[in-house]
Structures are given as C-alpha cells and as structure tokens.
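With chain A fixed as given, assemble chain B onto it according to the hints.
Number of protein chains: 2
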Amino acid sequence: MLDADRPDGVRLSVADARALGETALQRIGYPADEAAIITDQLIDNALCGYRFASLPRILAIAEDEKTSRPRTAVRIVRETPVSALIDGGNKVGYVAAYRGAEIAISKALASGIAVVGVHNSYYSGRNAYYVELMVRAGMVGIHTASAKPHVLPPGGRRAALGTNPISIGFPSTSGPVVYDIGTASLMWGEVLLMARLDEALPQGVGFDAEGSPTRDAAAVAHGGGVTAFGGHKGYGLSFAIQALGLLTGAAPQDYGFLFIAIDPAMLVQDFPARMAELVARIKATPRRVGVEEIRIPSERAFREREQRRREGLVLDRKVVDALNAL
Amino acid sequence: MLDADRPDGVRLSVADARALGETALQRIGYPADEAAIITDQLIDNALCGYRFASLPRILAIAEDEKTSRPRTAVRIVRETPVSALIDGGNKVGYVAAYRGAEIAISKALASGIAVVGVHNSYYSGRNAYYVELMVRAGMVGIHTASAKPHVLPPGGRRAALGTNPISIGFPSTSGPVVYDIGTASLMWGEVLLMARLDEALPQGVGFDAEGSPTRDAAAVAHGGGVTAFGGHKGYGLSFAIQALGLLTGAAPQDYGFLFIAIDPAMLVQDFPARMAELVARIKATPRRVGVEEIRIPSERAFREREQRRREGLVLDRKVVDALNAL
Chain A
1 MLDADRPDGV RLSVADARAL GETALQRIGY PADEAAIITD QLIDNALCGY
51 RFASLPRILA IAEDEKTSRP RTAVRIVRET PVSALIDGGN KVGYVAAYRG
101 AEIAISKALA SGIAVVGVHN SYYSGRNAYY VELMVRAGMV GIHTASAKPH
151 VLPPGGRRAA LGTNPISIGF PSTSGPVVYD IGTASLMWGE VLLMARLDEA
201 LPQGVGFDAE GSPTRDAAAV AHGGGVTAFG GHKGYGLSFA IQALGLLTGA
251 APQDYGFLFI AIDPAMLVQD FPARMAELVA RIKATPRRVG VEEIRIPSER
301 AFREREQRRR EGLVLDRKVV DALNAL
Chain B
1 MLDADRPDGV RLSVADARAL GETALQRIGY PADEAAIITD QLIDNALCGY
51 RFASLPRILA IAEDEKTSRP RTAVRIVRET PVSALIDGGN KVGYVAAYRG
101 AEIAISKALA SGIAVVGVHN SYYSGRNAYY VELMVRAGMV GIHTASAKPH
151 VLPPGGRRAA LGTNPISIGF PSTSGPVVYD IGTASLMWGE VLLMARLDEA
201 LPQGVGFDAE GSPTRDAAAV AHGGGVTAFG GHKGYGLSFA IQALGLLTGA
251 APQDYGFLFI AIDPAMLVQD FPARMAELVA RIKATPRRVG VEEIRIPSER
301 AFREREQRRR EGLVLDRKVV DALNAL
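Just so you know, the sequences run in chain order A and B.
So for the first sequence, our numbering puts the first residue at 1; every next one is plus one.
So for the second sequence, our numbering puts the first residue at 1; every next one is plus one.
The shape of chain A in the complex, shown without the other chains:
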C-alpha cells in the first residue's frame, strides 16, 4: 500500500494535488467548502502512504449511485450538551463524518466528553483522519464505523457485517498516536484492487457468493466476502462495532459513524506527557536480533507524511487524466 515512485507517476506539490482534487469535486457537484474538506482527507491519506485511499477515491465517489441522489444539509436531529445525533443528508461520509467529528470536539471541549452518531451517509475514508482531528484538539478520541456487509461471521455462508474499522487516538507531547484498523482480514478496497489485477487472495480469508472458500478475488468481490481478522476475537469486535453503529441511528446493516471524544484533563493532569512516557517505554523494549525498532501505531504513517510534505505526491497519470476529464 505504500506510495512508491512509479514510472507512470506524476509528481505534484501538495498545493497542486489539492487544487486538482477540489476542482474535480466541484465539477461533480460538491460546493467549495465540502470539496475542500474531502480533498484535505484524500491528500492526508496520500501523504500517510495510503495511495488507494487518496485522489482516486474522487472517481469512485463520482461513480457511486448515491452521489446521483438528492443531498440535503448535514443536520443535528437531536442533541444534549454531551451528545448529538446527526443526519448526514446522503452526503458522502468524508463530509458528514467530518461534521460529526467537529461536533464531538466542540461538545467535549465544553462538557468534557461527548458521543456523536452520524447516519444517512456512506463511505467516510480513513478513520484515523477524524481521530487525529480530535487528538489535535486535545481529546482522546474513539471512532467506529459500521457499514454494509462484506464480512462473514464464523460458520456463515454470507456476509453479515461491515469491514467495521475502529480507531483510537491519544494526544502526546511527542505527537499524536492513532490506532486505526479494519476488522476485516483484508480491506475491501484491497479485494476490489486484487480483483481488477487478477491477483489471488491469501488462503482462508475469502468466500464466494455461495459461501464457498475461494482465492479468486473477483468471485469474492461479486457478492462474496471475507473473514474478520483474528478469529473469534476479531469477529466479536466486528460485531460490537456493528452494534455501536445502532447508536448513530443507522439500520442494523448500514453505515453508522460513531465518535466519542474525552477530554483527558477532566480525569488526569499531564495526559500528553504520560502518553509520551508510555510510547518511550514501549519503544525501549529490548529488540530481537534483526529488528530495527519497536513500532507504535501510526508512527510509520506520520513519519512518511513529514517526508512527503516536503517531496510532494506521486499520482498515477491515468488518475490525473481521469480527474481532469470529470
């Protein structure tokens, strides 16, 4: 998934990549402020090394049938000082979940803690992006996203759970730390890509539309599904995230974005310094021969981001051409 230099690549400054994304999104009907919100995440995903979660997503948004349906403003349906239920107005998750994270932050800044749920939306991209927003506002952030079924429960022949990511982030004096995983054994985007490239899936993770095990990515992509990561523990986590999605007002097997923001200062002093101490202690674990360093969640991504901010981004020429042609 790393964004390496490629012969068919176009190197763009961050500013040029941003302009490319915002212009393309405005051409498919997103107003300037929303185009900026969406592009900001897509650029950040590219900077962090998630090439397929970057500007190519605009092409996927353009093709999605939900994009052609009417959109209304993202609005708060119900709220208290510590909570909000948000109707995403059929706006793509990049926008609706962003508003959810913003509202969770402002309520937690005022009340110490907040829980916010967003429904009537789809596809919110990379969860760590929203959690980092919360973390940069000083919060410990938890974010889960339920989705349409792509994951089979153990013993099942049909997908019943989403790829259901969870992200948990922490402010520290040595920089934000953000855990972010999908609970499927493969990202669904990876499955789709492997189907396009005719690559075989790893053994034991894929099932076709009949529920039979297969390594054929195309068969998985067309009505099949994958296992959860980590056996029954991962399945249970996926199930719990699907259930947390119900707090957002989403239907049982639909997209639901949940945010919990906690101001750590309400509980302990100097949380960011304590967090930096934990990171330093874990990193100081004696290493096995040949191991260069003990990794902390998000460390690799944030380090790459610093480098790419200086060096710019490399995009596929085909993607650049397709975005310009929208």
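If you are wondering where the hints come from, they were derived from the structure by calculation, not from laboratory data.
Values in this document were obtained by computation on a predicted structure and should not be read as measured data.
Each residue gets a CB set at the ideal place from its N, CA and C atoms; glycine is no exception.
Check each hint, because a few of them may be wrong.
If the Cβ cut is set under 8 Å, some of the chain A residues that face chain B in the computed set are [stated by the list, open to error]:
| # | residue |
| --- | --- |
| 1 | Ile76 |
| 2 | Leu85 |
| 3 | Leu109 |
| 4 | Ala110 |
| 5 | Gly112 |
| 6 | Ile113 |
| 7 | Tyr123 |
| 8 | Val140 |
| 9 | Tyr179 |
| 10 | Pro286 |
| 11 | Val291 |
Frame of chain A; chain B shown alone:
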C-alpha cells in the same frame, strides 16, 4: 475452560457456593459487603463456565502480596457530572472496579454519558461482569483494563503490555449482549495453569525471559510473555488499551480500569429493540454445512449460566478444602 462434571468434583448449590466464598474472604480480612461483591462475580464466572476465574481466585487473592499491604477506602479523587477518577485504595479490582462501574452507571443515568477511571488496584477478574452491570442498567458499556506486562510487542524480547482485555456490551430486548476478550493470544491464567500441568503452549505464541520463542509454559510464566492475538492489529489494540489505562491515573505499565457508560436513549429511540434485530439478523445468516448456529458474543456463556443456576456448581474438592482451611 468449560466447567464439566469431574470425578473429584463437589456439587454445590449457588447459595452454598456463595456462603463458602464469602466466609473465606471474610477470614482473609475482607468486610462482609466487599466479600459479597467479590463472591458475586466469582459465582457468576463459574455459572458462565469460567472455572478458573471462579472461587479458586480467593486462594490467589489470599496469596497475593498486595493483599497483605494496607488498604484504604475506595474514594473519588476528582469528579465532574460526567466523570470520576477513583483511587482504589489498594483494594483488589473485584471491589474497586465494581465501585467504578457503579459510579459510571449512576453518572450516566443522570448525565447521559460518563467516563470513570480506577487506579491503585489490581486484578479485577472478568470484564464482562462489570459490563453486564452497566447493560442491565440500560447502558451501552465499554470497559478496558490495562495491567502489568505479560505481552511482547512485535519484534520485542520482553513483555511490555498487559493482557489488556476489552469488553463492550449492549442492552437488547432479547437479553444483554457482551463482547469480552483479552488481547493476549492466551489468557495469563491459562499460561499459569499449563505451567502447573506441564502442558506445551501452542506454537508461536510464547517467549521465555530472554525473549526466545518457547512452548515451555513454565519458561513463559517465569519472566517471559506471549504475543498479542491477531498480529499487528491485535498488538495495536493492546497498545491502545494500555494508553486508555493512563486516563485512570495508573502508571504506564500498571493496572488501570476504565469505564465508559452511554445511555443509548440520549441518541436513539428503542435501542434495545434495534439491538435484538441486529442479533436476529446475524443469527439468520445462512450457515455452512455442519454448522449448528451462528454465535453471538456472550450467547454461549449466558446460556450455560441459566442451566447452571438450576443445576448448581461443581467445584474441585481440593479448592473447597483449601477455602475451608483459610
């Protein structure tokens, strides 16, 4: 881990088992109200099929060097309408975490949401027990527990993380649903038991005190450790739970019990009915040949509990004798 009938077993009614536990705990210095709280969980663990998390734990509590140190009352150090930081007073986690869950419930009932952290305590037993308390009060509950190091980070030669369980529970009209896992690849209690029985650990999960891979449970138990479950995703979750422990006021590599209680009615109507619908939908997933049912987290445990409540508990005679001899 199932509590099967055993030739060296003593069958006790729930009431008799409760009296046995409470009496033993009072003899080692716990007042009647705390002995009742501890025993209630130990009995529940046995009813749910967790034999080793049951009355034998009283023997472990009696032997623990922390039990011999001075104890003070569990007290709230700092609080807001939505939070509490609790000093466990060196009381065993069964008592201190119970107070934490109680306070989380009462604050969430009043404010809609609450976060509570407990430090200066140790060993709280089975996380699902506390989460079920929250769920039976109508809350969606999240509970994590950080602990002393028993888990090696990938590439590490020494344990740096606790076995760090996470539990997430939901009220439903078809009964509580509680997800509860440890993030270690084996429960530490299992490792200790296998060391005692001279059993070999599964391949690839254990390391000795030097950080070398081993299947020798005794070598792992004496200064070694195990991997996290589920590869880097499980490691990251373990790391995040260790970090959440910092919100409790615990030191970076010590016991910290965190509770988040959310009143679902603040966000959506009829959460318990929606939850029952999700459970029904997942259970209705078409099954592979030979699969009797699609399982939901906690379903097996709660079903066994109903049966054992009627049939009573079977305890090892040695355990009963040792408890009577305390």
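Evaluation of the provided hints:
Given the 8 Å rule on beta carbons, the hint for Ile76 of chain A is violated: about 11 Å separates it from the nearest Cβ of chain B. With a least beta-carbon distance of about 5 Å to chain B, the hint placing Leu85 of chain A at the interface is held under the 8 Å criterion. The interface hint given for Leu109 of chain A is broken, as the beta carbon of that residue sits about 13 Å from the closest beta carbon of chain B, more than 8 Å. Interface hint status for Ala110 of chain A: violated, as the beta-carbon distance to the closest one in chain B is roughly 11 Å, over 8 Å.
Hint on Gly112 of chain A holds. Least Cβ distance to chain B is approximately 5 Å, under the 8 Å limit. With a cut of 8 Å, the hint placing Ile113 of chain A at the interface with chain B holds, because the nearest CB-to-CB distance is about 5 Å. Hint on Tyr123 of chain A is violated. Least Cβ distance to chain B is approximately 21 Å, over the 8 Å limit. The interface hint given for Val140 of chain A holds, since its Cβ lies 6 Å from the closest Cβ of chain B, which is under the 8 Å cut-off.
Evaluation of the Tyr179 of chain A hint against chain B yields a held restraint, the C-beta minimum of about 4 Å falling below 8 Å. Checking Pro286 of chain A against chain B: minimum C-beta separation of about 4 Å stays under 8 Å; hint holds. Evaluation of the Val291 of chain A hint against chain B yields a held restraint, the C-beta minimum of about 4 Å falling below 8 Å.
When the structure is compared with the earlier hints, violations turn up for hints 1, 3, 4, 7 and for no others.
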